[in-house]
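In order, the protein sequence lines correspond to chains A and B.
Sequential numbering from 67 applies to the first sequence in the numbering used here.
Sequential numbering from 1080 applies to the second sequence in the numbering used here.
Bear in mind the hints are in silico, worked out from the structure with no lab data behind them.
Where is the CB? At the ideal position from N, CA and C, for every residue including glycine.
Treat each hint with caution, since some may be false.
Stated by the list, open to error - Quick list of the computed label-pair ranges, beta carbon to beta carbon:
1. A:Glu191 - B:Leu1355: 50 to 60 Å
2. A:Gly299 - B:Gly1154: 45 to 55 Å
3. B:Leu1351 - A:Gly93: 52 to 62 Å
4. A:Ser194 - B:Thr1335: 31 to 41 Å
5. A:Phe77 - B:Ala1340: 49 to 59 Å
6. A:Ser199 - B:Gly1504: 39 to 49 Å
7. B:Gly1154 - A:Phe77: 44 to 54 Å
8. B:Ala1234 - A:Arg235: 30 to 40 Å
9. B:Ala1340 - A:Pro378: 57 to 67 Å
10. A:Asp89 - B:Leu1355: 32 to 42 Å
11. B:Arg1235 - A:Ser194: 18 to 28 Å
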Amino acid sequence: MLRVEDVTVRFEGKPALDGVSLDVADGEVVTVLGPSGSGKSTLLRVVTGLQRPDSGRVLLDGRDLDGVPPHRRGIGLVFQDQALFPHRDVWGNVVFGLRMRGVLSEEIEARGREVLALVGLRGFERRSVATLSGGEQQRVALARALAPEPRVLLLDEPLGSLDRRLRDRLLEDLSRIFEELGVTALYVTHDQAEAFALGDRVAVMREGRVVQVGTPDELWAAPVDDDVARFLGLGNVRDGRVVRPEAVAVRRAADGERGAGVVERVTRHGPAVRLVVRLDDGSTLEAALAAVDHPAVGDRVSVEIDPKGIVPL
Amino acid sequence: MPLGFLLLFFVYPLAAIVQRGLSTGGEGSSLDVLEDPITREVVWFTVWQAAASTLLTIAVSLPVAYVLGRYDFPGRSLVRALVVVPFVLPTVVVALAFLAILPAGLDRGWAPILIAHTFFNVAVVVRIVGTFWAGLDRRVSEAAATLGAGPARRAREVTAPLLAPSLAAAAAIVFLFSFTSFGVVLILGGPGYATIEAEIYNQAVRLFDLRAAAVLSLVQLLCVGLAVLVTMRLEARLGVSSGFRPERDVLSKPRTAGEKALVAGSLGGLALFLGLPLLVLVERSLAVGGGHGFGAYRALAHPTSAFLATPWEAVVNSLVYASLATLIAVVVGGLAAFAVASSGGPRFLDWLLMLPLGASAVMLGFGFVIAFDTPPIDFRSSRWIIPAVQALVAIPFVVRIVVPTLRAIDERQREAAALLGASPGRVRREIDFPIVGRALAVAAGFAFAISLGEFGATVFLARPDNPTLPVAIFRFLGRPGELNAAEAYALAVVLMTVTAISILLVDRIRVRRGGWF
Chain A
67 MLRVEDVTVR
77 FEGKPALDGV
87 SLDVADGEVV
97 TVLGPSGSGK
107 STLLRVVTGL
117 QRPDSGRVLL
127 DGRDLDGVPP
137 HRRGIGLVFQ
147 DQALFPHRDV
157 WGNVVFGLRM
167 RGVLSEEIEA
177 RGREVLALVG
187 LRGFERRSVA
197 TLSGGEQQRV
207 ALARALAPEP
217 RVLLLDEPLG
227 SLDRRLRDRL
237 LEDLSRIFEE
247 LGVTALYVTH
257 DQAEAFALGD
267 RVAVMREGRV
277 VQVGTPDELW
287 AAPVDDDVAR
297 FLGLGNVRDG
307 RVVRPEAVAV
317 RRAADGERGA
327 GVVERVTRHG
337 PAVRLVVRLD
347 DGSTLEAALA
357 AVDHPAVGDR
367 VSVEIDPKGI
377 VPL
Chain B
1080 MPLGFLLLFF
1090 VYPLAAIVQR
1100 GLSTGGEGSS
1110 LDVLEDPITR
1120 EVVWFTVWQA
1130 AASTLLTIAV
1140 SLPVAYVLGR
1150 YDFPGRSLVR
1160 ALVVVPFVLP
1170 TVVVALAFLA
1180 ILPAGLDRGW
1190 APILIAHTFF
1200 NVAVVVRIVG
1210 TFWAGLDRRV
1220 SEAAATLGAG
1230 PARRAREVTA
1240 PLLAPSLAAA
1250 AAIVFLFSFT
1260 SFGVVLILGG
1270 PGYATIEAEI
1280 YNQAVRLFDL
1290 RAAAVLSLVQ
1300 LLCVGLAVLV
1310 TMRLEARLGV
1320 SSGFRPERDV
1330 LSKPRTAGEK
1340 ALVAGSLGGL
1350 ALFLGLPLLV
1360 LVERSLAVGG
1370 GHGFGAYRAL
1380 AHPTSAFLAT
1390 PWEAVVNSLV
1400 YASLATLIAV
1410 VVGGLAAFAV
1420 ASSGGPRFLD
1430 WLLMLPLGAS
1440 AVMLGFGFVI
1450 AFDTPPIDFR
1460 SSRWIIPAVQ
1470 ALVAIPFVVR
1480 IVVPTLRAID
1490 ERQREAAALL
1500 GASPGRVRRE
1510 IDFPIVGRAL
1520 AVAAGFAFAI
1530 SLGEFGATVF
1540 LARPDNPTLP
1550 VAIFRFLGRP
1560 GELNAAEAYA
1570 LAVVLMTVTA
1580 ISILLVDRIR
1590 VRRGGWF
């Protein structure tokens, strides 16, 4: 339904987007995952028409959007730090898009209430946006973008400015809302957990290019190169192969046993413990153990790798 | 100390005016002045010309404010600096420039007054609105675009309401300046067009009706007090607007041909409007007889019939007075700024310090004349009287420049310095002083330029043997003859040059965006 075709954008000669192509099917949520500076936000600006591409095109339902100004595209955008209208209250923000489309006032009334209820802000109509918390502001921004029922909803790191707990809550809400409404969305983030939680498919971007697109399972199973693997948190890349930390078994070397290396670092991540082992050949290997009792820093250990945990790149 | 200075040199002369206005001849006669149809005409003219000047100024300035607020182009900061020059140019110089450039018949009356006021105040609107515009989050407007608002709709529903506080504040300031305009009105008004300010001068100096002048001064004080209150309210609202962005996030380079034409067109138009009168002024100063030459400049060294000194002595007088006035203004204004900016600072001091800004130079000059020529304080013959009155006019500007800088110092900077081991004294030395020092330097430059060009108050106090530049120019204008006119133009060019240099120098050390200048 939304198709981005070979789009290139240059800023002062340097490409911010370098031949990017991407498809979003009707009702699909595609997340774009990449570090900052990878061109994710520029991609969204091109789709909305706020940024004109130097080459390439954007198609919506088969129609070339070149020359169509942002306000006639029917594409919604949730900005990273909201960009709410500071001179209007919550209601004024939420129904803005409906007013622009000349919707009848009874319909505005009904739709506005519906959307506010959807994002859990019933009763906030007359509040000034300046008095809202960060999470509430983000809900207003979402409601504002959803109200006119855009063909495609774009979200630019919408949870980026929130703290962890709030982020998790909004993530759940977002996923529920997407499902309820059957929204077609392109969602940009640098957070791997967010991307995997929300995306039907994930597009990994790096330096202005899309380097891999796939379902979360596909990506996890077969990262296209070591950079992607590292970015997904897969850790060990050895000789062109990814070794999953869960596939690495580590145990203390018994007395007299030579062992394979020394534990260099131990960090606990919830139920699992991550160990970094310095092998005798000088390289490091990361292991994830679901154990309470585990080797400590400085212990000599022996290492075993389950062949099922080795993924070729 | 600032309070004492203000009490002596501001409140006391005002009190003298009040006393003069109300006492002589009983209350009934004071009311006579108010009921005089001429007074009403003057007040009416003052109000409508100020309103019209404000509208005209905004109309002329908005395109440039837009260009400065939205586009990044080479020379942008130079434009921001240059546009301030007309604002601090002496009124006498500007009036003379428009006298030179406007065709005979059009060069006197309300039209040239409005044009000259616009010339002065473009800087106010361009700087305040342009800076504010450059801080408006572009994405708020973009959000409206993605929600289906076209360009006209965005201008009306998003940009205009967000810009409104800055426009209102700028308009209030322009109105205040136009309301209290003196030199321009005196020279360009011709018969029949007098503001309250010019009428005070007429009554006091030409008709020797001190009572009428005093009553008019009270009317003026009332109006200006109100206007200052409104201005400060509007200014306070500027600070609270949310959603500000660093300029580099907002500005973009003009890309399309249309955008380039817009930038070039509005800047070119402004350059023409601001530059042409000054160029013509220079041309006139060089025109002697049939050709061009430096005759008028050479004549400046010789005694003249216009006053009891050579024109070059007026130049020297001006520089000396302005330097002394700057010193006083920076010391008093700087101390006042610290008092105002400190959290427990008295609110009324802030307001009191603003008053001389509009409280009308002419009124101050007049107040000085009637307050200090008799015991207990006979101060009129002192050489300090002119620097004192000029400092008074300059102090509000010093305060306006320094206070925002002081308030802008983030408390966390001080805390960070303290945590890094700086004692309180050290914090002041390492954090406050360097930041405020630059603001004070900027303020000094402004004070110097303003004192140099000060006309309304000085014209009351300068004696024939020690005129300042603006007064000398004015005296030349009152004399017939081509040489007198040429000498007036030549002096105006000298004054303009010195003023422009002092302003462009301080603009190089400008520290902080926002504020007025």
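Hints versus structure:
1. A:Glu191 - B:Leu1355: 50 to 60 Å: holds (55 Å)
2. A:Gly299 - B:Gly1154: 45 to 55 Å: holds (49 Å)
3. B:Leu1351 - A:Gly93: 52 to 62 Å: holds (59 Å)
4. A:Ser194 - B:Thr1335: 31 to 41 Å: With a Cβ separation near 37 Å, Ser194 of chain A and Thr1335 of chain B satisfy 31 to 41 Å, so the hint holds.
5. A:Phe77 - B:Ala1340: 49 to 59 Å: For Ala1340 of chain B against Phe77 of chain A, whose Cβ atoms are near 23 Å apart, the range 49 to 59 Å is violated.
6. A:Ser199 - B:Gly1504: 39 to 49 Å: At roughly 40 Å between Cβ atoms, Gly1504 of chain B and Ser199 of chain A fall inside 39 to 49 Å, so the hint holds.
7. B:Gly1154 - A:Phe77: 44 to 54 Å: Violated, at about 22 Å.
8. B:Ala1234 - A:Arg235: 30 to 40 Å: holds (38 Å)
9. B:Ala1340 - A:Pro378: 57 to 67 Å: holds (59 Å)
10. A:Asp89 - B:Leu1355: 32 to 42 Å: violated (59 Å)
11. B:Arg1235 - A:Ser194: 18 to 28 Å: Roughly 21 Å apart at Cβ, these two residues keep to the hinted range, so it holds.
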